[in-house]
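Here the protein sequences line up with chains A and B, keeping their order.
Last residue of the first sequence: number 311 in this note's numbering, and the count goes up by one each step with no gaps.
Last residue of the second sequence: number 311 in this note's numbering, and the count goes up by one each step with no gaps.
Check before you lean on any hint, since a few could be wrong.
Copies of one chain are not kept apart here, so a pair can be met inside one copy or by any two copies together.
[As the list claims (entries may be wrong)] Taking lysine to any residue and the SDA-like style, the derived pairs with C-alpha atoms no more than 25 Å apart in a straight line are: (1) LYS267 to ASP181; (2) LYS198 to VAL232; (3) LYS198 to ASN96; (4) LYS221 to VAL235; (5) LYS198 to VAL235; (6) LYS198 to PRO231; (7) LYS198 to GLN27; (8) LYS205 to ASN311; (9) LYS221 to ASN234; (10) LYS221 to ASP302; (11) LYS29 to ARG300; (12) LYS94 to HIS188; (13) LYS198 to LEU261; (14) LYS94 to ASN191; (15) LYS221 to VAL232; (16) LYS198 to SER303; (17) LYS29 to ASN191; (18) LYS205 to ASP302; (19) LYS172 to LYS198; (20) LYS198 to LYS267; (21) LYS94 to GLN185; (22) LYS205 to GLU233.
Don't read these hints as lab results, they were simulated from the structure.
The primary structure of each chain is shown beneath.
Number of protein chains: 2
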Amino acid sequence: MPGFVNSSAVRSSKTMHQIVVVGSIALDSIETPQGKRENALGGSSTYFSLSSSHYVKTCLVGVAGTDFPQSALDLLKKHHIDLEGLDIKEGKTFRWGVRYKNNMNKRDTLYTELNVFENFQPSLPLSYRNSPFLFLGNIHPNLQLQVLNQMNNKPLVALDTMNLWIDISRDSLYNVISKVDILFINEDEIRQLNHTSNVFEAARKTLQHGPKLLIVKRGENGAILFNKETLFIIPAYPVENVVDPTGAGDSFAGGFMGYLATKNPENLTLNDYKMAMVHGTVMASFLVEAFSIERLLTLTPEEITQRVDSFLTMICVN
Amino acid sequence: MPGFVNSSAVRSSKTMHQIVVVGSIALDSIETPQGKRENALGGSSTYFSLSSSHYVKTCLVGVAGTDFPQSALDLLKKHHIDLEGLDIKEGKTFRWGVRYKNNMNKRDTLYTELNVFENFQPSLPLSYRNSPFLFLGNIHPNLQLQVLNQMNNKPLVALDTMNLWIDISRDSLYNVISKVDILFINEDEIRQLNHTSNVFEAARKTLQHGPKLLIVKRGENGAILFNKETLFIIPAYPVENVVDPTGAGDSFAGGFMGYLATKNPENLTLNDYKMAMVHGTVMASFLVEAFSIERLLTLTPEEITQRVDSFLTMICVN
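Generate coordinates for the entire structure from the input sequences, incorporating the hints supplied.
Shown next, in the form of structure tokens:
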């Protein structure tokens, strides 16, 4: 079993430093200018957990079908991922097909078969309900709220969403956003959510709805962290040969939350959040170097630490 | 006369810290979604000098027509700009008309009247020929070389160019590039110059042609500094209300070179270049807040220092 990244945090107990993540589990068909994969392990919670599990134990809540391969289960377990919250239902796993255009900025969804994911009713094992960190991956806002309400404590909660929920469940989305600490959202979505093309205006409006922090994801242009007082702008790590961008946003969130979860959630500083942005960026940069989750499987703590250090010299002034 | 930005540099003499800039001087007609200006002061050397002159004395080499307003000459003089190298020729000043589309990323050139600029033959006054810093603004590469050859010493030389010269004078451009220290070029141009869509590959190839440093300008996505060993990525300063992006690249170069010129050119470190990127970014951010050169006229050293400090907290991790 691979070791954790050493972030100079004191791990007082295993329970203290663990994350619960809820989201999709999928088998993807991916085609990019660099090649293709069939039945590749995918889904937001998979990408997130294989990223965050490099930092802390990660507890996965999701649903898969009876066609979900045993090898995938073994692989997740091997990578510090607790599967007590994984429900295996009679039927097929969520399947998604995608084809990327030449510059990787545009993609066509070839098909979306929800299968067992269509009636997903997330239920948290008792052992998950005191976790100090919770990530609500991109699922219906009502389900995100349902998970949040199952927690016994008040964890540090981050939420991701997508244009679909802004379109069809705006009120439910605003409701759950008002109860979380951190919102991950991409640049187009935050414009859509606030009916404005101006990202700064959109960020201000969104922060009024409750979250303490907002992370606007900008793909190859990096990300911006906003709170009510300030902002932190980070570029993407320069990857010369992007093989497959699928899951970059979830791996970013996994690195971000994974790094935070090595700290005491009561004492997080702005600089901790900035370093979490760095770790998120680095994890996303590794992810896109290979298809599906492949690069996250071979990644070592030393490689992560080395890239973090190298990235810091690329963005910081002494 | 406004004061200089204090960059904690020791100014041993006025001659020590001065820049020579050669480039266009124009009267622009500008239309953006925010309004319009007729006969506005423009041109690469104007934007550059009004930016660099916030740091050091700037010696301008250029040509204008007899229609060039006395008020513009007075304004340049008032801002530490030495006009001994400005040639006033019988005829009309270079005129350029531009209209920006809604998102400011696209623009239509309405007209280009070269006028006296067509036969520009730059000639450096003797008092300019020992300057330690030289900026070769975007003119024909043969003219850039002609200016370089007029220098008595070996100054630190930076060069800017454009797609036109890559198209029609590639060999001349490579020749002059091989003799300079720093090349400013935008993302599309460096791809065009190297026949590759990959900016990193293009950067490596370009550095093999001679320049020690390469600065790839990426508009609203900031800029990247490359040398043979490393790179430094800087985002644009977040300007909420861009009024007119004309001249942003030249103001960036002006802030970059202006900051460097407060230092000893023999002892420049990577961190000095990083700070120069910060100053360039900040000067470009002020410039785009108003039409033409207007914002550079009211700018104070305190405003520059304050924005530099605030920007550093937006991009750096402690």
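task: Measure nothing new, just compare the shortest in-copy and cross-copy C-alpha distances for LYS198 and LEU261 to 25 Å and report within, between, both or neither.
output: within (24 Å within a copy, 44 Å between copies)
message: I want to check one pair: LYS221 and ASP302. Are their C-alpha atoms no more than 25 Å apart within a copy, between two copies, both, or neither?
response: between (29 Å within a copy, 19 Å between copies)
- prompt: Can you tell me if LYS221 and VAL235 fall within 25 Å by alpha carbon in one copy, between copies, both or neither?
  reply: between (34 Å within a copy, 22 Å between copies)
field: Homomeric proximity label, LYS29 with ASN191: Cα distance no greater than 25 Å
entry: between (37 Å within a copy, 21 Å between copies)
message: If the cut is 25 Å between Cα atoms, do LYS205 and GLU233 qualify within a copy, between copies, both or neither?
response: between (34 Å within a copy, 21 Å between copies)
task: Evaluate LYS172 and LYS198 at a C-alpha cut-off of 25 Å and name the case that applies: within, between, both or neither.
output: For LYS172 and LYS198, only the intra-copy Cα distance (16 Å) is at most 25 Å; the inter-copy one is 51 Å.
message: My question is about LYS94 and HIS188: at a cut-off of 25 Å on alpha-carbon distance, are they close within one copy, between copies, both, or neither?
response: between (28 Å within a copy, 20 Å between copies)
task: With 25 Å as the alpha-carbon cut-off, assign the pair LYS29 and ARG300 to within, between, both or neither.
output: Neither. Shortest intra-copy (27 Å) and inter-copy (47 Å) distances fail the 25 Å Cα cut-off.
message: Regarding LYS205 and ASN311, is the shortest C-alpha distance of 25 Å or less found within a copy, between copies, in both, or in neither?
response: between (29 Å within a copy, 21 Å between copies)
- prompt: Given identical chains, is LYS198 near LYS267, meaning Cα to Cα at most 25 Å, within a copy, between copies, both, or neither?
  reply: Within one copy, since 22 Å is at most 25 Å while 33 Å is not.
message: Regarding LYS198 and VAL232, is the shortest C-alpha distance of 25 Å or less found within a copy, between copies, in both, or in neither?
response: between (33 Å within a copy, 17 Å between copies)
message: Checking an output row: LYS198 and GLN27, CA cutoff 25 Å. Within, between, both or neither?
response: Intra 40 Å, inter 23 Å, cutoff 25 Å: inter-copy only.
Hint violations for this structure: number 11 only, all remaining hints satisfied.
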